[in-house]
Structures are given as structure tokens and as C-alpha cells.
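J.: Residue-level listing of the chains:
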Amino acid sequence: MAISRTRARLARGPVALTAIAATALLALTACAPGGNAPVANDVEVSTELTTDDVVLTIADETGFPLTDELAAEFTKQYPNVTFNVTRDTFQNLTAAAPKLLASDTPPDLIRLPTIGDTVQDGLIANLDPWAEAYGWDKWSEAQLAPLRVNEDGVRGSGSLYQLGLGYSITGIYMNKTLAAQLGIDEVPTTIAELEDDLAAAKAAGILPIMAGDLDGVVNFVVQAAMNQYNDPNEMMDWILNVPGATYDTPGNVKGADLVRSWADKGYFPSDINAIDYASFVSRFQAGEGLFTFNGNWAAADTQAKMGDNVDFFLVPTAEEGGKHVAMGAANSFSVAAGSKHLNEIVYFLNWIHTDPTARQIVTDVTGAAPGGDPAQEQPTVEAGSLIEKALEMSAVIGAENGQVDFMANATAGIYAGSIIPESQLLVTGQITGQEFVTRVQDFYAQELAG
Amino acid sequence: MTSPIAPRRAAAKAAARRGTLSGWVFVIPALIAYGTFVIYPLVLGIQYSFYKWNGVGPSEFVGLKNYIRVFTDPTLLASIGNAFVLIAFFTLIPVSAGLVLATLIRSMKPGPFSSLSQTILFLPQIIPLAAAGIAWSWMYAQTGAINQVLNAVGLGALARPWLGDFQTALPAVGLIGSWVLTGLCTVLFLTGIGKIDQSLYEAVRLDGASWWREFITITIPGLRQEIAVLVTITIIAALSSFDIIYTTTLGGPGRATLVPGISIYRIGFTQSNVGLASAFGIVLMILVLACVLPIQRLARASSK
Chain P
5 MAISRTRARL ARGPVALTAI AATALLALTA CAPGGNAPVA NDVEVSTELT TDDVVLTIAD
65 ETGFPLTDEL AAEFTKQYPN VTFNVTRDTF QNLTAAAPKL LASDTPPDLI RLPTIGDTVQ
125 DGLIANLDPW AEAYGWDKWS EAQLAPLRVN EDGVRGSGSL YQLGLGYSIT GIYMNKTLAA
185 QLGIDEVPTT IAELEDDLAA AKAAGILPIM AGDLDGVVNF VVQAAMNQYN DPNEMMDWIL
245 NVPGATYDTP GNVKGADLVR SWADKGYFPS DINAIDYASF VSRFQAGEGL FTFNGNWAAA
305 DTQAKMGDNV DFFLVPTAEE GGKHVAMGAA NSFSVAAGSK HLNEIVYFLN WIHTDPTARQ
365 IVTDVTGAAP GGDPAQEQPT VEAGSLIEKA LEMSAVIGAE NGQVDFMANA TAGIYAGSII
425 PESQLLVTGQ ITGQEFVTRV QDFYAQELAG
Chain D
3 MTSPIAPRRA AAKAAARRGT LSGWVFVIPA LIAYGTFVIY PLVLGIQYSF YKWNGVGPSE
63 FVGLKNYIRV FTDPTLLASI GNAFVLIAFF TLIPVSAGLV LATLIRSMKP GPFSSLSQTI
123 LFLPQIIPLA AAGIAWSWMY AQTGAINQVL NAVGLGALAR PWLGDFQTAL PAVGLIGSWV
183 LTGLCTVLFL TGIGKIDQSL YEAVRLDGAS WWREFITITI PGLRQEIAVL VTITIIAALS
243 SFDIIYTTTL GGPGRATLVP GISIYRIGFT QSNVGLASAF GIVLMILVLA CVLPIQRLAR
303 ASSK
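Protein sequence lines correspond, in order, to chains P and D.
Going letter by letter, the first sequence gives residues 5 to 454 in the numbering used here.
Going letter by letter, the second sequence gives residues 3 to 306 in the numbering used here.
Rather than coming from a laboratory, the hints here were simulated on the basis of the structure.
We treat Cβ as the ideally placed atom computed from N, Cα and C, and that holds for glycine.
You can take every hint at face value.
Derived coverage of chain P by chain D (criterion: at least 3 residues anywhere in the stretch with Cβ under 8 Å from a Cβ of chain D; other residues may be distant):
#1 92-100
#2 123-132
#3 274-288
#4 426-433
Please model the entire structure based on the sequences and the hints provided.
T.: Laid out in C-alpha cells, this is it:
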């Protein structure tokens, strides 16, 4: 018994080892993984919509119903085209996007916040031929530029790879009821005035800024502060991965230090690192906090919850009369290179930017300008509403050329890997502005190096 | 003298060979499944770990670079450290609590009360970890159940956002694991105690042993196998934890609750660095084996 067991073990050991070694060797010497990007479908560009029955697929993020409403309206106008919209959370969708696009049946249209390697890997369609055919050169180039990628993989110029469904703008919401209690009857126009209001709120026992950082949304505040001390083009270059661009600028350090000083003074909720996006929005809407930093996408909902007791304005400038700078970006969508309905999906995108009903839907749902040709009539909005304010803010930023993208969009991994954890330390007073900026820049350099 | 035995031995050998053959036939379906879904991905993972690859495009062979990064990047090393802290909450607490609870339930009269307590203790085990994480994050919130209780009993000074506080986040997450795993440990120990020869208990009682003496002399040695199994699976749960942390803290605040599972997911899927993620995954696997194999050996040695 003992002998046979030993023999079996002796026999089993080498056999298993050899098998494992052999498979490992085989795998290692076999051809390197990857490199089989899908071949782009060769289609003739057409601006006529097909009369065949077509089902278009869209992969979008949860919580943004715009594509549903646009798809329904499009099907109403063109009954032969129907849609299949799938949704996943922002994080999951961003993580899954390259795999989805590389699959045999990619979604025709996909929400793609960070382009990453998708252009080099040939996963998303170059829209230049359609831009020419449809005459998109009349559209605002400032809005299209961040959606372009050049031959070196740098965003900002080159061929068009994305289009925006609505163009966002960020600012500060103010609870007018609390402001009235504090004797604040006008929105602040400089950072100094804003700080006076924050101090007044704190002294009166009112939470100065409602913000959360479980999922990083406090960075609306961090970047808003940085924007006021920075050349927006420098930040934009950094976000677009222009070689040589750095995050470690005096302006960024100053902005981060300002946020750190607000943390030290207790201007943020004490449980800030346990509050996520949905909680900070609903807590502000329920009356907690004098200010909150958020975007136009929250305008319609906030108006519905708070009525006229809320104001929305651009983040004030450092100096009186200075140029406004605000985060804003296209809610960017890309067409899969492997899509079987390239002409149809691009027709849909062009329709969103040109059809009056579609443009109205974009503004109603997102509180954002629909983009497209600036000469075209703008959607109507209710006078005095937050959405009207948001559109005015967009116009100011457009005129002052002060739009920057969100720093979270700089690379695919930087938000979860560096900006969120470091900002959680910053807003609880554990690192300085310089440390924040240095660490984010180090992560950025490491991620871009691969 | 050998001649009458030799044919018998040959026949036995032939029978054994036939047995081995039919054994293999029975095992083949399982082997195919195991090979396809465990061995093949494992080998692929080992291969990927030597490449710089984004998961889609062309790849580049980089040798041991990914492994060097795993062992030199302080962020990644810190996440391994957090996983070891979790062992205290995923293994020590549930296994010791399970032992005590099982003994207590065992000493109860069998009846509705003892089966009710078994059911309640086991309930957390059937709740998906992701759901447990979400429910607990509500209880841990600033205005959640735990702080309400603290305020009600006059301990309001202790109230804090448990998951948002740098000092308490990791223990708070760990306790969710303790809550889930204690039921499993209790139930397994209960069945184990049931198998212990009752005469042993009678014998020590006749010798006038206390409850504690009985526990140390009879129950613990009798449950050696169960303890080994539970320590093994709970250590694996601690080192490879993902869902509880993903639904509660996402690794924050800062990197206070960052564990290898979350790091690997982020590196592989968010940053699309499949090579580094694979290397970290392989290192994690070796770590798990290094912790678990000695326990297995120990249990086997002591049972002989």
C-alpha cells in the first residue's frame, strides 16, 4: 500500500511538472497575444437613409436617458430604423469599451469618454468622409477639436473620431433660501467674494459646500479652483496628452492649496469621503449646503426639486473682470469601426445635430446646447430657468474661449488610480496642494509610459 | 515459492490497470472542463504577464518587467498589506466565533430555538456579497443605523462616517466579511461536532471536566479537519476579496482599503494594462498558495 502510493506520487509528480512546463513553454513561445484588430468595413459614404429595416445598437451609460428619447423620436420619423440601447455604469462601460468594440458584433454607437488606444487599435471609425459629405465644417470647430485625434494618437487635431450629444458646462449651484438667511443677495463674482460667502455660512452653522468624494466628484471643486489660476490651454494640453505638457504648474498647486484650506476650515461635509455623486446631489437638493459644484446635466432635476430657490452661475474668476474658465466637454460618442451600419448611424448623428425636434430634446434632457451649426436656430427654453442660465453660461465660456475638458478624462486609469485617492487625502487635510499635483503627474507619466 | 504468487500478482496488476483506464474515462469530462476553464486561462495569464499589452492591439515582450513593478510599486505592495489585515477579520474572527457559537448551539436542547439560531446565523451566507456591501454601507453612513444607535445610547462622540474615515474604513469593511463568514463557520462546525463520538464527552464529564476543558480536549481536536478547511477558504476569501470593497469604498478613502482584487481589476480593465494585471494576479495566486498549502500540510500531518 505504502509502496504503491509512493510510486504513484513519484509517477504523478514528473508527469504533471512536464505537462505544465510544456504548456507554459508552448504558450510563451507561441505568437504574442493580440494584434488582431477588426478590419474596418469598407463602405461607400452615403447621406441618404436606407429604406431597409435596420436595428442600430447603442451602448450608453446608466442615468443618462438622452439616447433613449432621441432613438424613440428617430424611429417615429423613420419607422424602418429601430434601436437597441444597452446601458452600464460609467466605470463598467469605460472598462469594457475596448473589448466591446473589438468584438465581432460591436455596438454601432458607443459612449466613449476616453479614447485611449482605440484609434491606434483601429476600433473606432474615422468620421472625416462623412464630415465632408454632410458639411460639418460649418459646425463650431472649438467643440469638434477635442474630438479629433492626429496620427501620433494625440487628441485636439487631426481626423474626427467622435461627436458630442450635448455639450456640458459646469458651475456653482447656490441655495437661495440659505443665501437670503445669510444676507447674500448676489452671486459672488470673484474668488475672494466666494470665500467671504463660505466664511459667512460656516459662521452661521450652515454647511458652506456640499460635495462628495467617495467616487471623486469633489474634483469638480478642485479643478474649478485650479482653472481660475491657470492658462486653460496648458490644462487642455495636459488632458489631450500633448507631449511635454505637465500638471505640475503653479496655478494647479495654488488651486489645490485653496481647496486644502477650505478643507482645513471645515467648509466640506465631515463625511465627504463616504458621499457619492447621487448622495451629494440629493442632499443639496434637500437643502443641505449653501453651494455645490456641478454641471448643467443636473439643472433640470435640481429645478424640479428646488423650484426657484436655486441659482446656477459660472465659477467666479480670481480677479474682478477676469476671463471665465469652466470645465465642459462633449458627451462624446464614437462609431465602431466594425459597425455594419456606418451610413445609418452617422445619419442618426447628423440628424441629432440638425433636426429641430432632436435639438430640442438634447436641450430639454441634458440642459446643454445641442452643438452643430451655430447659425441654426437654438432650442427654446423657459425664461429664467436653470437651463436658460446654463445656455447663457455656455455662451459666455464660448465667447471667452474658456472651456477645458475634465481632468478625469486625461487617461483611462487616472481618475480611479490617482485623482480620486489623492483628492480624498487633499479634502481631509492630509496632503498639500503640491503633493496632490506631484502625485497625479507621476501617475500620469507612468500610465502614458505603459 | 514465488511461482504461485506471480500469476495472482499479474492478474491484480491487470485489474488495477483496467481500473485505472476506466477511472480516466470517468475523469475525462471533468478534466476537459477543468482544462478549458482553469488550466488554459491560467497558462494564458502566465503568458500575458510577460507582455506589455492593452488587451486588443499589438503586444510587446517585456520579460520580468511587470513582476519587478509588482514588487517595487508601493501602491501595489500596500494593497497586499491590506489583504493580510483582512485575514484577521475574514479568518480569525469568524473561525473563533463559529467555534464558540457552534458549541453553544450544541449545548442547547434541540428544538425550534436552536434551529432558528442556526438559520439566522447562516442567513448572511445566502446574501450576495455585493448586496451585503451596499446594505452595510448604508448602516455605516453618517446618518446610518450604527451612528443612530451610538447617539441613542449617549456615545454620539464615537459616531463617524465609518467607511469614509481613514482609521476605521479597513476594519469596517473587514467586519462585513466577519458577518458573512461567521454563519458558514458555525454551520460547518455544528456538523463536525455531530460526528464527534459522544462517549468521549461522557468520559470527560465523568472525570469532572468543566465546559472549557471539554472544549479544549474534545471539541477542538475533533474539529481539526473542519478548522483546516475553514481557515483555508476564509484566507482565500480575504486575499482575493473584491465585491465587498467594490460596493462600499472602492478602495478609499485614499488607498486605505485598496486590496489586490481592486488593483488588478483597475489595472487590467480601466487602465487596459493586461500584462501588469496578469503579473499581479499570478503573484496573488502564489501568495494564496503560500498561505494555504502549509495549513493543508499541517492538517494532514496532525490527522495521521
